[in-house]
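K.L.:
With the sequences and hints as input, model every part of the structure.
There are 2 protein chains.
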Amino acid sequence: MELRNEELKENDLEPREDEKLTKNRLLQLMMKKQYREMREITTEMHPADVAQILEDLDENNRLVVFRLLRKDVAAEAFAYMSDESRNDLVEGFSDTEIVSTLEKMSLDDAADMLEDMPASVVKRILAKSSRQTRESLNRLLHYPDSSAGSIMTPEYLRLREDWTIQEAFDWIRQHGEEAETVYTGYVVEQNRLVGVISAKDLMLNSLDTQIKEVMDDNVISVQVTDDQENVARLMQHYAFNAMPVVDGEGMLVGIVTIDDAVDVLTEESTEDMQKMAAIIPEDSTATYFGTTVWQHAKQRIPWLLILMLSATFTGMITTHYETTFAALPLLVSFMPMLMDTPGNCGNQTCTLMVRGLALGEVTDKDFFKVVMKELRIAMIVGSILGAVNGLRIYLMYDVFAGGHYEHVMTYAMVVSISLFMAVILAKLVGGMLPLIAKKCGADPAIMATPFITTIVDAGSLVIYFRVAQILFGSTIGF
Amino acid sequence: MELRNEELKENDLEPREDEKLTKNRLLQLMMKKQYREMREITTEMHPADVAQILEDLDENNRLVVFRLLRKDVAAEAFAYMSDESRNDLVEGFSDTEIVSTLEKMSLDDAADMLEDMPASVVKRILAKSSRQTRESLNRLLHYPDSSAGSIMTPEYLRLREDWTIQEAFDWIRQHGEEAETVYTGYVVEQNRLVGVISAKDLMLNSLDTQIKEVMDDNVISVQVTDDQENVARLMQHYAFNAMPVVDGEGMLVGIVTIDDAVDVLTEESTEDMQKMAAIIPEDSTATYFGTTVWQHAKQRIPWLLILMLSATFTGMITTHYETTFAALPLLVSFMPMLMDTPGNCGNQTCTLMVRGLALGEVTDKDFFKVVMKELRIAMIVGSILGAVNGLRIYLMYDVFAGGHYEHVMTYAMVVSISLFMAVILAKLVGGMLPLIAKKCGADPAIMATPFITTIVDAGSLVIYFRVAQILFGSTIGF
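Chains A and B, in that order, give the protein sequences. This note's numbering applies: residue 44 is where the first sequence begins, and numbers increase by one. This note's numbering applies: residue 44 is where the second sequence begins, and numbers increase by one.
Simulated from the structure, these hints should not be mistaken for lab results. You may find that some hints are simply not true.
Given that identical chains are not distinguished, each listed pair holds provided it fits within a single copy or across any two copies.
[What the hints assert, rightly or not] Straight-line distance between alpha carbons at most 16 Å, and here's what the computed EDC-like set of lysine to aspartate or glutamate pairs gives: (1) Lys-243 to Glu-221; (2) Lys-255 to Glu-87; (3) Lys-243 to Glu-198; (4) Lys-255 to Glu-232.
P.N.:
Now the structure itself:
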């Protein structure tokens, strides 16, 4: 795999050259009908790479190659594919093919796939699956979106406390293949989780030790209904490779494995970024190119429309002060700066809040702590920005303008003072809104940048024109 | 752990109630000098929870409690603590205490800690460490920041291909305690990585099988100098729990484990969000409250200053068109909307690019694909926004204004047309700049929101005033 390393240096995630070679090779073998060699190559490869190659093929070739893969390779590669390509593939499948792929997939991946398919198809598929698979899938499909239940798998390693480690190993050798992970064993008595034991403990202790002697009975678990992001963060916090999930009665119903938790964290970060940028996240697993132009437009237009219409309000404020800037047209020149800079300030604070809330570093109980902290930061930031801008105006419009402009010192004062006040407003709004949203059970990310910009814009302009009226009042008279 | 589950429902990451109880209990025990019971409680707890309690204590109590912990519990908890609290603690330590904690920590955690300490202290500590620890740490401390080398650990499970599984188990029982993970064994011959074997394969195959028969010789590895984010994304892609790291000569030098990869992904997302919000990320592991007011100000002021001064440029454009808005003061009312909306549009595209690049879904080679896609999206978005706004102006200033305003249709035309053009400009700039930054080896996130807003603002205003001059040219005459 030398090529892969070369590629990585260039900051590319996918080992493209390597794949292109393998892809061309596969296509050649397919055309020459050398199916046996094709199966051998793909069996050697990592299923994620097979999935990547399948994704790059066009629909017809994809179906042909997929059918030629060894059954288990096909099922594994299928689990690594994107939702879009999976759906394309499924459309070409016969029901028996879907069922056989499904039965070979791990249950959480299978449930994940079924979630995106039409209800009628799901019904048909489930009817043809084995009773055990059907029952497990039905249960998984029932958990609410974004809950621990929706990402867990019921295929965990179940041990008993009175077994010896030797007995545990024997059990694993017979049943381990079915478990999603064999690296944590769950000790269950009467469906209750009484302890966990890592494969490391099994391997490091002597074979005649009883499980209950070495298991950890201080079990950390989550509820099926817990939010998937919290579960993932908790796994990160404890550096867990798997987290047991219990139901309302404390019965162990499944586990969440680290690979799914990592995907959840990535998706949640993507969603937060999209929301902060006024995009409505539809499917956080969809890629940029995997989303059509119309879907992109649909995700972007609603917030833009709302924000555009609220900017009308800012426009009305401006109209209200028409006489002010008619008398002092230079005021208009500073409007862009007086809208952008406080906007950016609010943006900074809001981003820190949204991220802090997501990581659990900030909670909605910290409201006053945040307000006090941001107030102090805003005083420093506002003073410096105000001073620099005052100086800039003095230099540009007085020193280097050769007396072309009047009242330059007053303009400088107006801009500096209103900038200082607007920065404080922006930092407070940027800090408070996400926390209020969280408190109300709304998503703090929605409160973000564009929304805060609109509010801060309006506030900044009112401050600006009022300060101008007051300071110019004695000079010009309003 | 019933309390933990209760807490999670409330969307809190930390099991605060539970911790508060334990914390109070610990303090009571400490005051009563019941040290033995204290040690027992903390030994039962998860080290991440012990770390949390230590963090919540004030500096003096923290040092006292830390010294009373069992040595291995102390070292483990230490690894889970934040950089700030660790530094506080280290300041109270004697050199021997630091060395003894260090020797008990895993090497990657120890290196991570030393990286943040003054060079003189590091030298003193290393001098007192065992030769083996010193050599390993020295090597780890040499790798560049954000490289695979900087997050890897040299403590991996090393196996030989001619061993049987029984021999491997015997080796693990003797040496497994030192390895960072025993769940992937690395088969090394003459320092070269020739295969990997999972603990699952060890457990599922019969004991007399030779390792070379069951190991996977199609090894996926990364280079020490590879970027840590790419390594973490690759581990996510393959659903790996550990990734082997090789040096320039292909020698295996260490492994990156999934817990460190998860932390890297979280930190990189946080950094991207901060950069996009015009914040200079200093230490992505520092929390919001763990950063002082002055540090916050220092991280926020530089970009604000740069952006504020570039908004001067936008102001100059406005001044240039002074005669235009002096004749048509209503034009000023639409300025806020004509700056905000295209700014938001650029923001959306830019965010999708930065995230797409980070996830490897978009590469800098996709430049023209992105331009064409954004152009089509912008046409749809621009038409709809332009039309809605035209209608709004017609309704507000004509139908419901009772003939108070003149030339309303022309105003509506000017705003709609310039909005349409500005949206196209914004989406193209928002799509192109991050890709150009990436191509030039710069960080795409820096190009983000505030920077693009400033450019788009200037462009939008030029478009706006030019369109106004042209359309009003025949009516008013400029």
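K.L.:
Each hint needs a verdict: does it hold in this structure or not?
P.N.:
Status of the hints after comparison with the structure:
no., hint, in the structure
1, Lys-243 to Glu-221, "between (19 Å within a copy, 11 Å between copies)"
2, Lys-255 to Glu-87, "between (40 Å within a copy, 15 Å between copies)"
3, Lys-243 to Glu-198, "between (20 Å within a copy, 15 Å between copies)"
4, Lys-255 to Glu-232, "within (11 Å within a copy, 39 Å between copies)"
Of the numbered hints listed earlier, not one is contradicted by the structure.
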